[in-house]
Every structure is written in structure tokens, then in C-alpha cells.
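Listed below are the residues making up each chain.
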Amino acid sequence: MKLLYFAWLRARIGTAEETLDPPPEVTDVASLLRWLQGRGPGYAEALKDLSVVRVAVNHDYVPPSHPVRSGDEVALFPPMTGG
Amino acid sequence: MKLLYFAWLRARIGTAEETLDPPPEVTDVASLLRWLQGRGPGYAEALKDLSVVRVAVNHDYVPPSHPVRSGDEVALFPPMTGG
Amino acid sequence: MIRVQREDFDPAAALAELTRGNHRIGGVASFIGLVRDVAEGAPLRAMTLEHYPGMTEKKLAEIEAEARRRWPLEASLVIHRYGRLEPGDRIVLVATASPHRAAAFESCAFLVDWLKTKAPFWKHEETEAGGRWVEARVGDDAAAARWTQE
Amino acid sequence: MIRVQREDFDPAAALAELTRGNHRIGGVASFIGLVRDVAEGAPLRAMTLEHYPGMTEKKLAEIEAEARRRWPLEASLVIHRYGRLEPGDRIVLVATASPHRAAAFESCAFLVDWLKTKAPFWKHEETEAGGRWVEARVGDDAAAARWTQE
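Chains as they are written, first to last, in our numbering: chain A, 152 to 234; chain B, 152 to 234; chain C, 127 to 276; chain D, 127 to 276.
Some clues are possibly wrong.
Calculated lysine to any residue pairs in the SDA-like style (CA-CA distance at most 20 Å, straight line) [unchecked claim]:
(1) A:Lys153 to D:Arg129
(2) A:Lys153 to A:Asn209
(3) C:Lys184 to B:Leu154
(4) D:Lys244 to D:Ala138
(5) C:Lys184 to B:Asp172
(6) C:Lys184 to B:Asn209
(7) B:Lys153 to C:Thr182
Honestly, the hints are just simulated from the structure, not real lab data.
Here the structure is a predicted model, which is why all the values come from computation and not from measurement.
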């Protein structure tokens, strides 16, 4: 699974992109975020307030219940502040 | 008094501009229009439906009750269809 | 700024001039009106815009001043042509610049609605069937009336 | 048409290209977003727009297609820059062309509101106090929400 991080999420986690192999209990966005929170202090800090974390799977915005699979591209980012 | 006519009012009356000296009973826009209607068939035809005639005195849109005086510039035209 | 002219204009140069050196501007809304190739369903050959010199400039300046009272504008521009125009020709450019995009959009729409109904311009259209003076449309008056009900 | 690019763009050339040869177009509404020189009251030195390559283009194309479903558009264009920008620099151009002015105005405002809230761009501002990521504003969400309530 390819993970992408943007804006201050990228800065806090310390990387823009990584490939991870989550355990079987990670089946949807919500369980993926819980699992990522436990991967270290940078992740815990970046993901401590999930109300300001948005997720896209394969380039579409998705809710926490959306399934994730091993070949997916999953992006985590703050609310958009474009234009 | 300087009279100006625009668009199809100009075409029906047959002139773009003229200087007239209305009689003393012409004191406002309404009485000016009544007097003009009697000046000939072109005027009568152009001014037969006053609901589609707009009037400006000295470059401001005015209602029929607006006074007119000898030095005024009075313009008659249909509703605007600009831009 | 108000310009009433027979000649064509360059929207690019006009927009660039409008914002040059002013870094308080966050958004520029603009509208360009063009001559369409149909008139009431018939192919249009050309149209002629007649105006009332002197009064046109005065009314446009009043409208522009009113827009600047209603919205926080850093700059505004109206260029309106008169004379004979053919399909595809530019008729009018309205541009407004503000720190905030909503003010730019609303003031630009306001100016365009007023121009269509309150500025002393009259449109004569030429089609194969001959020439005719365009009549005022109820839709245009309704669009302009929105702004007086606020 | 959608363009996401680091380089500056020429609004004049873009607008001319949009309408060239299409005489059904009666109105072109456009919006140009510029970098302002203040950020939350402090002088802004520069800002950097980060985006999500691939997803950005996809979302912009979806938004443009939605606008063309909602309004009778003859042409539309979105150019959005990313990277480091300074006060006065152009950020975005949105232009829509329609036979009717109301459709041009409304669709242009719709696209701009969506860009501000739904396109994957994030703004980092540099002031004398240092750098900070801009937080989403409630006003922007409210502006975009108008369009889903209709």
C-alpha cells in the first residue's frame, strides 16, 4: 500500500511518501489511521486530531468507512486551502 | 429647448436633434410629450405608446412630472437595450 | 475608470493595468460581452449600438461609483463600445478588483446587469430579413432589479 | 480545459483562445486570483502552494465537467499554479463562456468556490514571524456549500 502525506501532515510524519504493508486487521480508512497512529511519535502527533485529517483513496475523497486494500494509493492531508 | 431623439424614436420622428420653443402651457415632461404628439404624423407615430418612451432631462432619467425649462436638454428614447 | 469608444480594446492590457503594483488585490472578476451570431433565432449579420454621448459617460461613472460604495474595491473598469459590430466582436469589458473574491464577483455582476438596462445604449440588429431595433427584455430588468431589493 | 502548472500564464492569450471562432458566445466571465501582500494582518513575503499531482488534475476535470452539466457553456478553462509565489503573482485563472451572461457568471463563481475548498492544494505562508500552513476557513466552506443546496 502506497501512503502519501501532504502539507503539515508530511512535515510532522517526516516523509512525503512510503510503501507500507499493514496487518490484516487494517480493512478500512479508520483502522488504517489507528494503526498509523501507533507507528511512532511523528505519526501520533500528526494524527492526534482526526477531525482535521482528510483521506483520498486512489484519488477520490473517502469517508473513514471506506475499504483499503494492498494495491491502493492512500493520501492523508489537512483540509484543502487552495487557490 | 434642445430635443434629442434616439433609436426608433429618432427614425420615426426623422431627426436626431432639434431646438424648439414650446408654448407656456408646456411646464413638465408630460405636457411636453402631449405637445410633441401634435407636431405632425412622425411625432404622433413615435409617441403613440408612451409606455415605451423614456425621458432624460439634462442627462438624468426623469418621470413625467419632472419640470422642463427653456434651456434644458431633453432626450426621448426607448427602454435601453445596451451591452 | 470609464471608457466609451468606437474602437476595439485589448482586455489583456486593460486587466494588467487594473492591478499593476497593487498587492492588496486578491481577486479580479471580469466580464467580456461579445456579439453573438444569432438574433431571435435568425443569423445576425451585424449590430449597431447607438448611445447618448455625454449621458452615457455620466451614467457609467455613477454606476461605477455606486459599486465602489457597495463593495470594497481596489480598482474597477468599464469599457463600452458603440457603432457597428459583427459577430465575435467585443462589446464591453467590466472588471473589478478586490481583496476578496466574493466582492469582485458580486460587483462585476452588478455592473453588467446595470449596463444592460440603465445605460443609454440601443441595439439595432441586421439579419437577412432586414434591420430591427431590439426591444428591452423582461429578464434583463429582473436581473437589474435584484440589486435594488437588497 | 485544465492546466496545473508551476509557470506563470498569460490571461490574455488564454481568454482569446477560449472564444476564438465561436460566435455563439455572448459572455465570458473570468476570475484571476492573485497573491496578496498580507497574511492574517502580517506582511507576506511569499507563499508556497503544495498540491497532489494526478489527483489535482482529476478533481479539476470533475469540477469542470460538473459546471458544464449545470450551465450551458460553450467553453471553460481553469489554470492553477503551484510552487512558490510572491505578492502580486497570479495563482489561478477561471474562465467560462456561454451564450448568456448569467450562466457565465454563475459557473465561474461556482468553479472558484470549489477550487478554494475541494481541490487538493495547501497553502504555506512566509511572514517575518516565520512560516505557517494556512488553516481552512469556515467562510470558504460556506461559499462552496451554497452550490450543493440547490
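Each hint, compared with the structure:
With a C-alpha separation of about 26 Å, the suggested pair A:Lys153 and D:Arg129 falls outside the 20 Å cut-off, and the hint is violated. For the proposed pair A:Lys153 and A:Asn209, the alpha carbon gap of about 10 Å is at most 20 Å, so the pair holds. As the CA atoms of C:Lys184 and B:Leu154 are separated by approximately 19 Å, the hinted pair is consistent with the 20 Å bound. Annotation: proposed proximity of D:Lys244 to D:Ala138 is violated, straight-line Cα distance about 27 Å (limit 20 Å).
Among the hinted pairs, C:Lys184 with B:Asp172 is inconsistent with the structure: their alpha-carbon atoms are about 27 Å apart, more than 20 Å. As the CA atoms of C:Lys184 and B:Asn209 are separated by approximately 11 Å, the hinted pair is consistent with the 20 Å bound. For the proposed pair B:Lys153 and C:Thr182, the alpha carbon gap of about 18 Å is at most 20 Å, so the pair holds.
In the structure shown, a violation is registered for the earlier hints numbered 1, 4 and 5, in ascending order.
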